[in-house]
Amino acid sequence: MTVVGGGLVGAAIAYGAARMGMHVCVLDQGDTAFRASRGNFGLVWVQSKGHRSPRYARWSRDAVKLWPALQKELLELTGIDAGLRQPGGFWLGFSDAEMRARFELLEGLDRQVGEIPFRMMDRSELQEYLPETGPTVAGGSFCPLDGHANPLMLLHGLHAALRLKGAEVITGIDIEQVRYDPGNAGFDVIASDGQRWKSERLVLAAGLGNAHLARQVGLHVPVTSTRGQVLITERLKPFLNYPTNKIRQTGDGTVQVGSTSEDVGLDDGTTTDKIEWLARRAVATFPVLARARLVRAWGALRPLTPDGLPIYQASVSCPGAYVATSHSGVSLAAAHSFVIGPWTCGYIERPPEFDVFLGDRFLDPNASFSHDH
Amino acid sequence: MQAFLMITEPLFAIPRSSELETVTITFEGESLTVPAGVSVAAALLVGGVRDFRSSAVGQAPRAPYCMMGVCFECLVEIDGVPARQSCIVTVQDGMEVRRQVGAASLDYVSFGKRS
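Top line first, the protein sequences correspond to chains H and V. FYI, our numbering numbers position 77 of the first sequence as 990, with every residue one higher than the one before it. FYI, our numbering numbers position 19 of the second sequence as 42, with every residue one higher than the one before it.
Just so you know, the hints here were simulated from the structure itself, not pulled from any lab data. Because the structure is a prediction, the values reported are computed rather than measured. None of the hints are false.
Covered stretches of chain H, going by a simulated chain V footprint (3 or more residues, C-beta under 8 Å): (1) 1149 to 1157; (2) 1196 to 1209.
Beta-carbon label-pair distances, calculated as ranges: (3) H/1076 - V/119: 48 to 58 Å; (4) V/39 - H/1000: 51 to 61 Å; (5) V/119 - H/1206: 12 to 22 Å; (6) V/92 - H/1265: 49 to 59 Å; (7) V/119 - H/1040: 27 to 37 Å; (8) H/1007 - V/130: 21 to 31 Å; (9) V/119 - H/1035: 36 to 46 Å; (10) V/43 - H/1000: 55 to 65 Å; (11) H/1194 - V/60: 33 to 43 Å; (12) H/1286 - V/93: 24 to 34 Å; (13) V/52 - H/1087: 58 to 68 Å; (14) H/1085 - V/88: 23 to 33 Å.
The beta carbon of each residue, even a glycine, is placed where N, CA and C say it ideally should be.
Chain H on its own, in the form it takes in the complex (with noise of 0.2 Å):
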């Protein structure tokens, strides 16, 4: 199998087909491209995803389940140390309104999905879980199965992983054309520097490149970018024991704030505009972060469905063809290990309903889609 993509999706994918003994070559484009698994926020997150998917929201639901399993086989693997803590996280409201809007939200998707608990908590009790929230936030919602991890640790233990499995992972390749030869049954993936790889499968994870090298196997992947700044701050001393979605301390100490959603194209860059509106709203969260000292702030490009959701699929016209697009590298990780790489190998069955996942879906002329990015 040949795997197009070692970001966080293709190497969690390949990982899952390695450990199921499938021969496997991951092709990795190098420090040219860009990269969203080494500028993800790294949350494994569950609580309000999917409230216009119900199917989103048990897949991210059964993921972050499954994330202690990979976080243990790649400790005991190669030793590395993805960093998952699910201590259960937080959103923080600054109103009664986006109070109320919360709990609707999601009530909905308990009452839908189920198996996704929360708890609505005023500022008084939120303040017993996060002592440093600032006067001007309402109150917030927490669900325990939420948490974070070390993206960049992720990626390192899966890469190491890979390798400990016998996969080839060969970086600084540009891949510009995929063929399906149907008279032997193969892939021919060809690089711009006319490097070829032939094989019986071949999974697609190249991220913004999975819209034009999916059309070369008969699969329609609209992807398009958000970009999203975050900033880091210098190490303190541990001081939030739980992560919010937008705020969280990471095991190194360091305070990680995020993050922007802008419609930028592909500049990966920063603003200072964002930087302080980021900073900003992290000192109304957290008044002490006023002390803390920022020491980088970037930006990276979440590659974007028009709805957001992730697509799963299989080419019919080139079997042995998959596609896979997420902006949820992390939280998905061990979902796209433990379900997608066997399925892509041919070992399961694809789950259960999900035709929701197909790119076909953004075919429909009369559809309208819309994100929360």
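Keeping the supplied structure of chain H fixed, place chain V upon it in accordance with the hints.
Coordinates of chain V only, in the frame set by chain H:
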């Protein structure tokens, strides 16, 4: 660990001249007379300090590396404010400087004694 804290023969020196203005600061309570107008990091190095802080991760002793505000190796506590980059703060008479022990805490009380 105590051995690292000792102020020893300096690795660096500024040529003595009669016109050299000096200021007096303390490091871990010990008085140091250092050239005026230089950075806190330069002043401490000239004063013989080698161990500026302990690593937030491994507790190992650390000293300045880049001397230009990039590497964050030279962090010290200045007048009660933790984790300041001593290479980009100009030394001032009466400054109280301490080692930065591990990660900074945000709940310090002597905030803003000196701008």
